[in-house]
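Student: Assemble the complex: chain L is given as a structure, and chain P must be docked to it using the hints.
First to last, the protein sequences are chains L and P. Using our numbering, read the first sequence as starting at 1 and increasing by one per residue. Using our numbering, read the second sequence as starting at 1 and increasing by one per residue.
Mixed in with the good hints, there may be bad ones.
[To be verified] In the EDC-like style, the derived pairs of lysine to aspartate or glutamate whose C-alpha atoms are separated by at most 20 Å in a straight line are: (1) P:Lys-103 - L:Glu-103; (2) P:Lys-3 - L:Asp-57; (3) L:Lys-78 - L:Glu-18.
To be clear, the hints were calculated from the coordinates, so they are not data collected in a lab.
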Amino acid sequence: DAGVIQSPRHEVTEMGQEVTLRCKPISGHDYLFWYRQTMMRGLELLIYFNNNVPIDDSGMPEDRFSAKMPNASFSTLKIQPSEPRDSAVYFCASSLSAGLNYEQYFGPGTRLTVT
Amino acid sequence: AQKVTQAQTEISVVEKEDVTLDCVYETRDTTYYLFWYKQPPSGELVFLIRRNSFDEQNEISGRYSWNFQKSTSSFNFTITASQVVDSAVYFCALSEVGGGSEKLVFGKGTKLTVNP
Chain L
1 DAGVIQSPRH EVTEMGQEVT LRCKPISGHD YLFWYRQTMM RGLELLIYFN NNVPIDDSGM
61 PEDRFSAKMP NASFSTLKIQ PSEPRDSAVY FCASSLSAGL NYEQYFGPGT RLTVT
Chain P
1 AQKVTQAQTE ISVVEKEDVT LDCVYETRDT TYYLFWYKQP PSGELVFLIR RNSFDEQNEI
61 SGRYSWNFQK STSSFNFTIT ASQVVDSAVY FCALSEVGGG SEKLVFGKGT KLTVNP
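Same shape as in the complex, but just chain L (with noise of 0.2 Å):
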């Protein structure tokens, strides 16, 4: 089975750029999750849909962040204009909810770097 996807690996962008990173969730998964890595702030949850609905997007650091999840099977995050402090690797984890024995499956990555 495929796992979580995400497009596209490696993203070099100039200041003030759009960046739109994308994931495809693994099949029947009902929760998508997006989260930041960086060396100082470690992995930090940005935002989190269940059923393709925003739950909790706590984590979004300003306006400049955005995420959709248009139908089950897709989701986007867009920085809009980004800034060198974004340069992090976005990770997309989805996971079905099944009470007592769900875990988050994770993608392989976005490595984003705003010059």
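Tutor: Just chain P now, kept in the frame of chain L:
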């Protein structure tokens, strides 16, 4: 608020040594899950284990074992007879149950280097 502390930032061992990675957590809930994830140099996050707060039985999977102690709020991870392939960053994580929240809070991670 939930919090996960991995006090060991980096550990270096020689192959075949046993090594224990510490994890201490804080939560106000009585029902919660604990996790360990592995992040090898390639960068992906690999799920290793999940424990719920009602199950304090220790678990063993091959060379890996986990010791969950609610009395000390710890969920430690031991690798027996370590191998070079075990070199990775290991993350402990906590999730509370209920209220519709499925959020994971991660510790800062412990970087394990196993030298040949």
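Student: Against this structure, judge whether each hint is valid.
Tutor: Going down the list of hints, with the structure as the test:
no., hint, verdict
1, P:Lys-103 - L:Glu-103, "holds (11 Å)"
2, P:Lys-3 - L:Asp-57, "holds (19 Å)"
3, L:Lys-78 - L:Glu-18, "holds (7 Å)"
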